[in-house]
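Protein sequence lines correspond, in order, to chains A and B.
Everything in the first sequence is counted per my numbering, starting at 1 for the first residue and increasing by one.
Everything in the second sequence is counted per my numbering, starting at 1 for the first residue and increasing by one.
If you are wondering where the hints come from, they were derived from the structure by calculation, not from laboratory data.
All residues carry an ideal CB built from backbone N, CA and C; glycine is no exception.
Heads up, some of the hints might be wrong.
[Stated by the list, open to error] Short derived list, chain A residues pointing at chain B, Cβ under 7 Å:
1) Ser87
2) Leu107
3) Gln146
4) Asn199
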Amino acid sequence: MSSLTFQELILGLQRFWGENGCVVLQPLDLEVGAGTFHPATFLRALGPENWNAAYVQPSRRPGDGRYGENPNRLQHYYQFQVVMKPSPADFQDRYLDSLRSLGLDPLEHDVRFVEDNWESPTLGAWGLGWEVWLNGMEVSQFTYFQQAGGLECFPVTGEITYGIERLAMYLQGVESVYDLVWSETPTGTVTYGDVFHQNEVEMSHFNFEHADVPQLLNYFEFCETEAERLVSLQLVLPAYEFVMKASHAFNLLDARHAIGVTERQRYILRVRTLARMAAHAYVDSRARLGFPMADKDLADAALAQREKSEAAS
Amino acid sequence: MSTRTLCFELGVEELPAGELKGMALSLESGMCKGINEAGLSFEHSKTFWTPRRLAVVISGLQEAGEATTSEVLGPPVAAATDNDGAWTPAAIGFAKKQGVAPDKLIAISTPKGERLGLQKALPGKLAADVVPTIIETAVGQIPVSKRMRWGRARHEFLRPVQWLMLLFGEEVLELSLFNLNSDRLTAGHRFHSQGTVSLERADDYESVLKAHHVIPSAAEREAIICSEVAALAEEGETAIIDDSLLEEVGGLVEFPVALRGSFDPDFLSVPREALISSMREHQKYFHLEKADGSLVPSFITVSNIVSSQPDTVIKGNERVIRPRLADAAFFFATDKQTSLSSKSERLTGVTFQGKLGSLADKQHRIKNIACAIAPALNADIDIVTRASGLIKCDLVSDMVLEFPELQGITGAHYAKHDGESELVASIIEEHYWPKYSGDTLPSTPEAMTVALADRIDTLVGIFGIGEIPSGSKDPFALRRASLAVIRMALDSARDMPIRTLLSAGSEQFDTDQIANETVENVTAYLLDRLPAHYEESGIGVDVLRAALETGSDTFGDIEDRLFALVDFMGSELAESLAAANKRVANILAKSDAELGSIDLSLLTENAEKRLVQALQSVSEDIVTACSTGRFASALEQLASLRDPIDDFFDQVMVNADDPALKRNRLTILKQLREQFLMVADLAVLAR
Numbered sequence: 001m002s003s004l005t006f007q008e009l010i011l012g013l014q015r016f017w018g019e020n021g022c023v024v025l026q027p028l029d030l031e032v033g034a035g036t037f038h039p040a041t042f043l044r045a046l047g048p049e050n051w052n053a054a055y056v057q058p059s060r061r062p063g064d065g066r067y068g069e070n071p072n073r074l075q076h077y078y079q080f081q082v083v084m085k086p087s088p089a090d091f092q093d094r095y096l097d098s099l100r101s102l103g104l105d106p107l108e109h110d111v112r113f114v115e116d117n118w119e120s121p122t123l124g125a126w127g128l129g130w131e132v133w134l135n136g137m138e139v140s141q142f143t144y145f146q147q148a149g150g151l152e153c154f155p156v157t158g159e160i161t162y163g164i165e166r167l168a169m170y171l172q173g174v175e176s177v178y179d180l181v182w183s184e185t186p187t188g189t190v191t192y193g194d195v196f197h198q199n200e201v202e203m204s205h206f207n208f209e210h211a212d213v214p215q216l217l218n219y220f221e222f223c224e225t226e227a228e229r230l231v232s233l234q235l236v237l238p239a240y241e242f243v244m245k246a247s248h249a250f251n252l253l254d255a256r257h258a259i260g261v262t263e264r265q266r267y268i269l270r271v272r273t274l275a276r277m278a279a280h281a282y283v284d285s286r287a288r289l290g291f292p293m294a295d296k297d298l299a300d301a302a303l304a305q306r307e308k309s310e311a312a313s
Numbered sequence: 001m002s003t004r005t006l007c008f009e010l011g012v013e014e015l016p017a018g019e020l021k022g023m024a025l026s027l028e029s030g031m032c033k034g035i036n037e038a039g040l041s042f043e044h045s046k047t048f049w050t051p052r053r054l055a056v057v058i059s060g061l062q063e064a065g066e067a068t069t070s071e072v073l074g075p076p077v078a079a080a081t082d083n084d085g086a087w088t089p090a091a092i093g094f095a096k097k098q099g100v101a102p103d104k105l106i107a108i109s110t111p112k113g114e115r116l117g118l119q120k121a122l123p124g125k126l127a128a129d130v131v132p133t134i135i136e137t138a139v140g141q142i143p144v145s146k147r148m149r150w151g152r153a154r155h156e157f158l159r160p161v162q163w164l165m166l167l168f169g170e171e172v173l174e175l176s177l178f179n180l181n182s183d184r185l186t187a188g189h190r191f192h193s194q195g196t197v198s199l200e201r202a203d204d205y206e207s208v209l210k211a212h213h214v215i216p217s218a219a220e221r222e223a224i225i226c227s228e229v230a231a232l233a234e235e236g237e238t239a240i241i242d243d244s245l246l247e248e249v250g251g252l253v254e255f256p257v258a259l260r261g262s263f264d265p266d267f268l269s270v271p272r273e274a275l276i277s278s279m280r281e282h283q284k285y286f287h288l289e290k291a292d293g294s295l296v297p298s299f300i301t302v303s304n305i306v307s308s309q310p311d312t313v314i315k316g317n318e319r320v321i322r323p324r325l326a327d328a329a330f331f332f333a334t335d336k337q338t339s340l341s342s343k344s345e346r347l348t349g350v351t352f353q354g355k356l357g358s359l360a361d362k363q364h365r366i367k368n369i370a371c372a373i374a375p376a377l378n379a380d381i382d383i384v385t386r387a388s389g390l391i392k393c394d395l396v397s398d399m400v401l402e403f404p405e406l407q408g409i410t411g412a413h414y415a416k417h418d419g420e421s422e423l424v425a426s427i428i429e430e431h432y433w434p435k436y437s438g439d440t441l442p443s444t445p446e447a448m449t450v451a452l453a454d455r456i457d458t459l460v461g462i463f464g465i466g467e468i469p470s471g472s473k474d475p476f477a478l479r480r481a482s483l484a485v486i487r488m489a490l491d492s493a494r495d496m497p498i499r500t501l502l503s504a505g506s507e508q509f510d511t512d513q514i515a516n517e518t519v520e521n522v523t524a525y526l527l528d529r530l531p532a533h534y535e536e537s538g539i540g541v542d543v544l545r546a547a548l549e550t551g552s553d554t555f556g557d558i559e560d561r562l563f564a565l566v567d568f569m570g571s572e573l574a575e576s577l578a579a580a581n582k583r584v585a586n587i588l589a590k591s592d593a594e595l596g597s598i599d600l601s602l603l604t605e606n607a608e609k610r611l612v613q614a615l616q617s618v619s620e621d622i623v624t625a626c627s628t629g630r631f632a633s634a635l636e637q638l639a640s641l642r643d644p645i646d647d648f649f650d651q652v653m654v655n656a657d658d659p660a661l662k663r664n665r666l667t668i669l670k671q672l673r674e675q676f677l678m679v680a681d682l683a684v685l686a687r
């Protein structure tokens, strides 16, 4: 069997998880550092409502750029994200089936779940789970969310994040990400390099040398006040967009080395405060709707709990 | 007596390798304890753990415990009947509560007098009845380092629980935990076994799992790994199997299969520690050495399957290790482009601690401290100066940023590359020694000097800004640093007072940078660590206290006193002297008289004359012995005072009616006490 092209890998995962009850979404059209930032993960993990989704998320980490010269490092790459809430009892088995669907036989390849505890300081989120090893290489992250935006996650969202470039490099047996076959077309082979190399070179220059620091500092402040203003207007989703924008502005400033060590910690705290605020506002907004996507018993319990704590305060 | 085997297995999603053993042993001890407390006996218990299961098999467990009787006590017999001999309400009430007629009650004698009561026969407990509750309790007591929830349930564990298997002989005992019901079903290997596996008899646990590609015994898995790994070493090679790595690897697999891969020999130019660290820390690989100790460009990984294509697994692992080693080689090459000394400039940008400045500041202070104490340690001051200007430079190298555990080792490599002497390079590496309790001490006086200076700076600085360790909070590892200071000082700076050592540290700070009483605080902290230091030698806290009461603040002096005391203690003579000292101390404590010198004309009794004489005849020798550290000899002299002291207490009245006599006798005791205190406070050792 000839190995999967990059796009076949994505299509395969979408098909697999679509058939496993997930809503297949399209990427979020904003710059984010990871698929977890997508409202379909971060916000949907909050509150009692059920949710199953899968999507590709382009992820930007300005500091990881290497001007297109490092075969393993990119400032823009893809994550394939799966979230299932509540996490199903056979979540691991389904994940293993997804590998089988890509042609990876766990009786040939040594697949292992190795302890890994995940934490995102900017999102005020943490969970427990594993990194999944394929013959010693980490190809996925597997997490049971315990907290997000400082709020307890209940029911628990199970999250799988596939590093699809890595997986594809493995399947295709190439040493450089730029050599990945993206697609075989009638006019010839299109590689990952054809699609993204120029982007890596130019974005690295931008991220490290030309991103406008004074403007970005102002923009961070703007995003911060805007998020606060929008929350006060009960416009939760726009408010959360500004949290993500603030986070990306911070990442760019970090890549420009524009923030000192102690200052850096303070910026992370500011983003976390915003994320926490948006998280609370989101749950409030869903409560006002009566948590329509939750199991009835959990919705009732959550609403009753809220009433009780409101009465107490 | 019929018995059966009990088998309980908790099926889980992969638990962290490092926690398996502790969890399984806790489950076992919890179950055994519960079974014992229920009055049931068993022959043997065995515990099993793999990433996916914690299990306990208890063989020869009694089906039913022995019947027992217990006494129930009611009111005192005296209060059980009234004057007419009729039962009182208290007696009737008690009988009713126990469900018997009052006539059935008997008199039971107790330390508090006769009580009305009855003997109750208690049937033995049935294992099948009590075991589920015992297991529930034992599972609840398993230590869980980080709790998590899953799905839509509130229960918590370290990772999701998947199944409960509970068999007593051939019978399933009912147990509900984590929204699961117990059954006879378990699971075999994740990939080599399909579906669930039904266990017919508890006794078959191990053999059935083995038939399904699971080795439930950790010891057996480790033995398999050892022999497979060793078998992969070729002629002239040795596979290095470290115990902690072995335990970790054993906790990552249910069916270990060792495979050997290789890497490009060009990487061998990278310091071996970096290569080993890449293999071990990140990938859990074992490495191989040749007879001359050099590294073999190969690794051994332990997979969890009998792969249909072992080569796929090997090639895959080789692909993972290659970029890691390439990173290490790259860091090594770039780091070497600039000299170690030139890296010292970058130390100014790295904070040691907010109030104590940068690593450059720390390195500068260490240099000054090291120079101050070098003469006392017979260290060459030029070499100490040269080395201490370089010791922290590798902390800003790319290699150490990537492999923090290689601090020191990396610096030593770079120093040699820069043409520094072997001695300077070894100081850079060894100044972190001893790294843990029992680790080797630095091997040269110069390395010892710098290592001591580094610890002194940390202790004085961190204490000085009030970050004093408390309870489990010790972020700067000051306890470990203190024990290192004690060991190094005892080895190489025995005669240097602790306060002098620490002052060399405190003088490096501005007066407003650290608290005034810092040296005193750290001195007290170090002295408080002495019991921990001497714990292994079995020297008791009281002996230590007896030596410390002399107020000595020199480690060597304290130790000399200690060893003399330890030899002296245990004899009947020592006990009697200790008792005498305590008596003297008590008498002196009660008196507030101003005492001068002994007035020989006031000596009336023979016993007191003899004591004074004895005292005077030994005092000079004791002073000499103590000033030259010969405390055993001083103790011998003091021992000769035993009979005069005993006679004194037998025959002389200290609290004489004549105040002048009384004062003179107290003075004798005070001088006696002072003689003893030159060696140690024996009063502390009195029983």
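Exercise for review: Hints the structure violates: just list their numbers, smallest first.
Suggested key: 4
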